[in-house]
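Top to bottom, those sequences are chains A and B.
In terms of our numbering, the first sequence opens at residue 1 and continues consecutively.
In terms of our numbering, the second sequence opens at residue 1 and continues consecutively.
Among these hints, one or two may not hold up.
[Claimed, not checked] Among chain B residues calculated to face chain A with C-beta under 7 angstroms, some are:
1) Ser216
2) Asn236
3) Asp240
4) Ala242
5) Pro244
[As the list claims (entries may be wrong)] Here are the simulated lysine-lysine pairs, DSSO-like style, with alpha carbons at most 27 angstroms apart:
6) B:Lys189 - B:Lys126
7) A:Lys165 - A:Lys210
8) A:Lys24 - A:Lys67
9) A:Lys387 - A:Lys449
10) A:Lys725 - B:Lys173
11) B:Lys13 - A:Lys725
12) B:Lys177 - A:Lys710
13) B:Lys162 - A:Lys729
14) A:Lys406 - A:Lys389
15) B:Lys13 - A:Lys710
[To be verified] Some but not every residue of chain A turned toward chain B, in silico, with C-beta under 10 angstroms:
16) Glu90
17) Lys710
18) Ile716
19) Gln726
20) Asp727
The set of hints was computed from the structure by calculation and includes no laboratory data.
Positions of the beta carbon are idealized from the N, C-alpha and C atoms, including for glycine.
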Amino acid sequence: MNKKSKITIKPFRHVQMSEEYADKTWQLIHRAIVEIHKQNASGLSFEELYRNGYNMVLHQYGDLLYKGLKSTLQTHLEEESKKVYGAIDENMMTELDKAWASHKVCMLLIRDILTYMDRKYVQDNNQPTVYNLGLIQFRENIARNPRIKDRLLNLSLGMIERERKGEPINRGLLKSINAQMLVDLGVNGRSVYEEDFEKPFLANTSTFYKLESDEFIASNTCSDYMKKAEERIKEEMERVTHYLDPSTEPKLKETVERELISTHMKTLSEMEQSGIISMLQDDKVEDLKRMYHLFGRVAQGHAIMCDHIGKYVRNTGRALIMDEEKQKDHLQLIQSLLEMKDKFDHILLAAFNNDKMFSQTLNQVFEYFINLNPKSPEFISLFIDEKLKKGLKGVSEEEVDITLDKVMMLFRFLQEKDVFEKYYKQHLAKRLLLGRSVSDDVEQNMISKLKAECGFQFTSKLVGMFTDMKLSTDTMEGFKNHVKELGDSALGNIDLNVYVLTTGFWPTPSTVVCNLPAEVTKCCELFKKFYLSKHNGRRLHWQTNMGTAELRAVFANKKHELSVSTYQMVILLLFNERNEFTYKEIHEATNIPVNELKRNLVALTAGKAKILEKTGADAKKVEEEDVFSFNSKFKSKLFKIKVLVVAQKETEPERSETREKVDEERRHQIEASIVRIMKSRKTMEHSNLISECTQQLSSRFMPNPLVIKKRIESLIEREYLERSKQDRKVYNYLA
Amino acid sequence: RKREAKMNKLNGKQKDLLEQFQGISGTNANLGLEFMKNSEWNLEVALNNFFNNSIPSSPPSSSSKDKVDAKKIRELFASLQEKDEEKIGEEGMNKLVSSLGLDPDDVVVFLLSWQLGAKNMEEITKEEFTQGMTQLRCDSFKKLKERIPGLRALLADSKSFKDFYQWIFDYSKGTQKCLDGDMAVELWKMLLKDKSPHLELWFQYLKEEQKGRGISKDTWNLLLDFFRSTNSDFSNYDADGAWPTMIDSFVDFARPKLKAK
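Model the full structure from these sequences, guided by the hints.
And the structure:
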């Protein structure tokens with residue numbers, strides 16, 4: 001029997017690896033790597049090699065392994081580099097590509113083998129991973145090898161240049177080396193790609209296009225240049241997909257656009273014969289569209305275009321509207337303006353797609369030159385008058401409506417809308433009173449357009465005019481019945497028709513009454529009595545400057561019916577007494593104001609209807625000494641003869657009178673505005689008051705700040721306002 | 001010693017104002033000091049308070065020097081008034097002026113009318129005279145004469161001067177809204193002599209560009225501010241400063257003329 005023996009279990013003793021053993025293990029791995037580099041990996045045992053690597057790291061020989069790996073790689077790559085730079089010309093790139101491909105394959109294998117080191121040793125010692133170590137080695141020994149680096153770059157750039165010049169090249173090679181290899185070699189970023197390729201590439205691109213564009217622009221039209229530029233840009237963008245890293249795209253775009261567009265924008269726009277001005281002149285919509293898209297790519301591109309377009313339209317517009325000759329035919333002038341607006345609206349839409357910057361430019365410029373001519377409001381009103389008159393041949397109502405809508409666009413640009421209103425009233429009055437309107441509907445349509453644009457206040461008086469016309473019709477019915485009751489001879493042989501106009505709505509009434517013949521006066525008195533019996537407390541003033549008359553006249557050959565103005569009627573009826581009158585006698589007998597008298601006499605003697613004859617050399621001018629006689633020899637095919645004086649442009653004296661009236665009304669408007677503002681704010685600082693007042697009135701006209709100031713002073717004097725005692729710049733409202 | 005101590009604490013300006021107050025009101029320095037302190041050294045307010053007896057602390061002065069005889073005032077008025085009307089007209093004014101030993105062109109004449117509360121230069125009503133003389137504490141020409149230095153002193157105080165200057169417009173303009181241009185020039189010559197380098201140029205401007213035009217109250221009032229605030233080459237003139245248009249156009253007129261010099 002044995003003694004009780006203790007069985008002790010000893011802990012497993014960690015077997016230390018000896019240095020010798022480590023060395024040996026490393027040699028095994030080293031040889032394996034060499035084989036891998038020789039493309040001879042098939043004979044190797046992955047499991048064994050992995051275990052070796054594992055053991056080395058486990059036994060604290062990671063250092064040895066890592067350093068060994070490093071030096072093995074280095075040695076190999078140094079050899080490889082000789083192959084690469086030994087190749088002639090472009091073959092170097094092919095060799096490089098081969099070396100790179102094979103390097104990647106080998107590194108993958110090596111990495112797999114040394115996975116444990118990757119995980120443990122690399123982490124603990126903050127070293128590049130196996131694969132990255134390979135990249136770094138490749139980079140230092142090959143890609144940035146002084147014998148390779150610059151040559152590589154030049155080769156790449158050379159290929160690109162050849163392709164730009166039209167030659168086919170090996171894109172795959174470029175892609176593999178530049179877009180892939182260099183990118184990878186940056187390890188954790190693109191720095192290698194950017195420094196070794198991208199930067200010089202962009203500089204090279206810049207130089208290339210600088211040269212090309214300078215040459216091209218010197219001998220080609222703007223349109224052709226733009227087409228070429230578009231092509232080049234497209235090409236460069238495709239280049240990115242073919243063999244550049246995507247991150248280069250924006251930088252390349254910027255470079256190319258700068259060289260092709262920004263540098264030459266100004267020159268292109270200003271090219272004679274083919275620049276912006278000629279494009280606008282000749283409606284070259286396609287070219288303008290191309291330019292819009294092309295220039296839109298760069299900063300200030302559109303701004304430059306707008307600048308040139310603005311200048312051109314401004315000058316053209318100004319020349320048109322200030323041309324003295326053209327102003328003589330005002331209808332044609334407005335027509336030309338409409339055509340100009342049409343033209344640019346079309347360009348705006350077709351070429352610029354109603355881009356805001358462009359439409360603003362055009363609007364500003366139109367507003368500028370339309371208001372250069374103080375007669376614009378009058379001309380526009382006359383143009384509308386023409387469209388609203390009867391007898392407009394060959395145009396449908398729809399077409400007229402479209403034209404009027406276009407005229408409204410011009411109206412919108414007017415700064416002096418109150419002047420327009422004055423003329424519109426005058427012209428409308430003539431249309432209504434002389435029965436000239438096409439139709440009430442068309443007139444109302446126009447009024448609603450104005451109302452939509454300017455609001456109810458603008459058109460309320462105009463509407464009042466129509467009301468008056470309607471009421472007058474009713475009144476006339478009543479009057480006719482009244483006359484019937486009185487008996488047939490109450491009016492004599494005269495058929496009287498009266499329009500009663502409310503003073504505030506119609507243009508300023510005339511205070512002058514000419515001498516009416518007795519028979520006419522009798523009828524007028526009868527009507528007046530009738531009307532005032534119905535409307536107590538009103539006052540009627542006959543407006544002899546606005547009426548019309550129809551006369552039956554007996555000439556030598558036959559009878560005619562004459563449509564004349566009241567003034568003309570008064571003149572002609574004189575000739576019932578005798579055949580001849582001097583100008584002076586006519587003036588005294590009729591008491592018609594001088595310039596009206598002269599105008600109407602000219603209409604009777606120098607027009608198509610030469611009812612009177614006059615002495616004196618100039619047919620169109622009436623002198624004091626002229627003698628007038630009834631022209632019994634007058635002949636005409638028509639029975640009814642019209643001698644009316646139509647709505648005309650004003651003469652200069654009339655124009656300044658109108659202008660004075662407008663100025664006076666403006667003074668009242670300004671004061672009313674100031675009082676309105678001060679009443680609600682109670683106290684206000686000077687410059688704020690001025691700008692608020694300007695703003696309030698801007699829909700009708702642009703008040704002059706000096707006039708506003710004078711009105712403020714007048715209101716202070718009349719004690720509507722006072723200056724604040726603390727600050728003379730502040731005004732207080734005095735209730 | 002107490003009074004001296006008080007007096008020594010005053011600065012130069014305050015001493016001036018106090019002197020003026022005493023000159024007009026005829027009070028002693030102590031009372032004067034009370035009033036001035038109460039009104040925060042505003043001369044006009046102090047005077048107003050004094051004449052309205054509105055300071056509660058001090059008893060009304062009872063020295064015989066300050067007593068005013070209403071009867072004497074009535075007699076004085078009677079000696080100056082127009083024959084059948086209860087007002088002092090041109091004759092009466094001339095008599096008053098010469099009795100005081102004054103030049104009719106002296107600004108003190110206006111100052112007197114101002115302090116009497118007269119409303120227009122055609123006449124002084126009985127009420128105005130009676131009230132005014134009472135407030136000035138005068139019932140004789142002698143006493144009135146004593147007030148004169150005090151009145152003159154008012155011109156030195158910038159606020160009083162401004163009030164006086166603005167009052168003179170309403171006083172002188174008569175029944176119209178505006179002051180006649182020539183009269184305005186005469187008044188300006190009297191009031192603003194040496195107060196601005198632009199005065200002569202202003203007169204020239206009026207003569208050349210505003211001939212026959214009257215001067216509005218607004219323009220009159222602001223001219224003083226304009227002269228007080230604008231420097232000799234107009235460099236601090238603010239065109240958006242809400243100045244009356246006549247002054248704006250004066251600046252436009254004057255600037256090239258200055259440059260030419």
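Hint by hint, here is what the structure shows:
no.: 1; hint: Ser216; verdict: holds (5 angstroms)
no.: 2; hint: Asn236; verdict: violated (15 angstroms)
no.: 3; hint: Asp240; verdict: holds (5 angstroms)
no.: 4; hint: Ala242; verdict: holds (4 angstroms)
no.: 5; hint: Pro244; verdict: holds (6 angstroms)
no.: 6; hint: B:Lys189 - B:Lys126; verdict: violated (31 angstroms)
no.: 7; hint: A:Lys165 - A:Lys210; verdict: holds (14 angstroms)
no.: 8; hint: A:Lys24 - A:Lys67; verdict: holds (15 angstroms)
no.: 9; hint: A:Lys387 - A:Lys449; verdict: holds (14 angstroms)
no.: 10; hint: A:Lys725 - B:Lys173; verdict: holds (22 angstroms)
no.: 11; hint: B:Lys13 - A:Lys725; verdict: holds (25 angstroms)
no.: 12; hint: B:Lys177 - A:Lys710; verdict: holds (16 angstroms)
no.: 13; hint: B:Lys162 - A:Lys729; verdict: holds (18 angstroms)
no.: 14; hint: A:Lys406 - A:Lys389; verdict: holds (18 angstroms)
no.: 15; hint: B:Lys13 - A:Lys710; verdict: violated (41 angstroms)
no.: 16; hint: Glu90; verdict: violated (76 angstroms)
no.: 17; hint: Lys710; verdict: holds (5 angstroms)
no.: 18; hint: Ile716; verdict: holds (5 angstroms)
no.: 19; hint: Gln726; verdict: violated (12 angstroms)
no.: 20; hint: Asp727; verdict: holds (9 angstroms)
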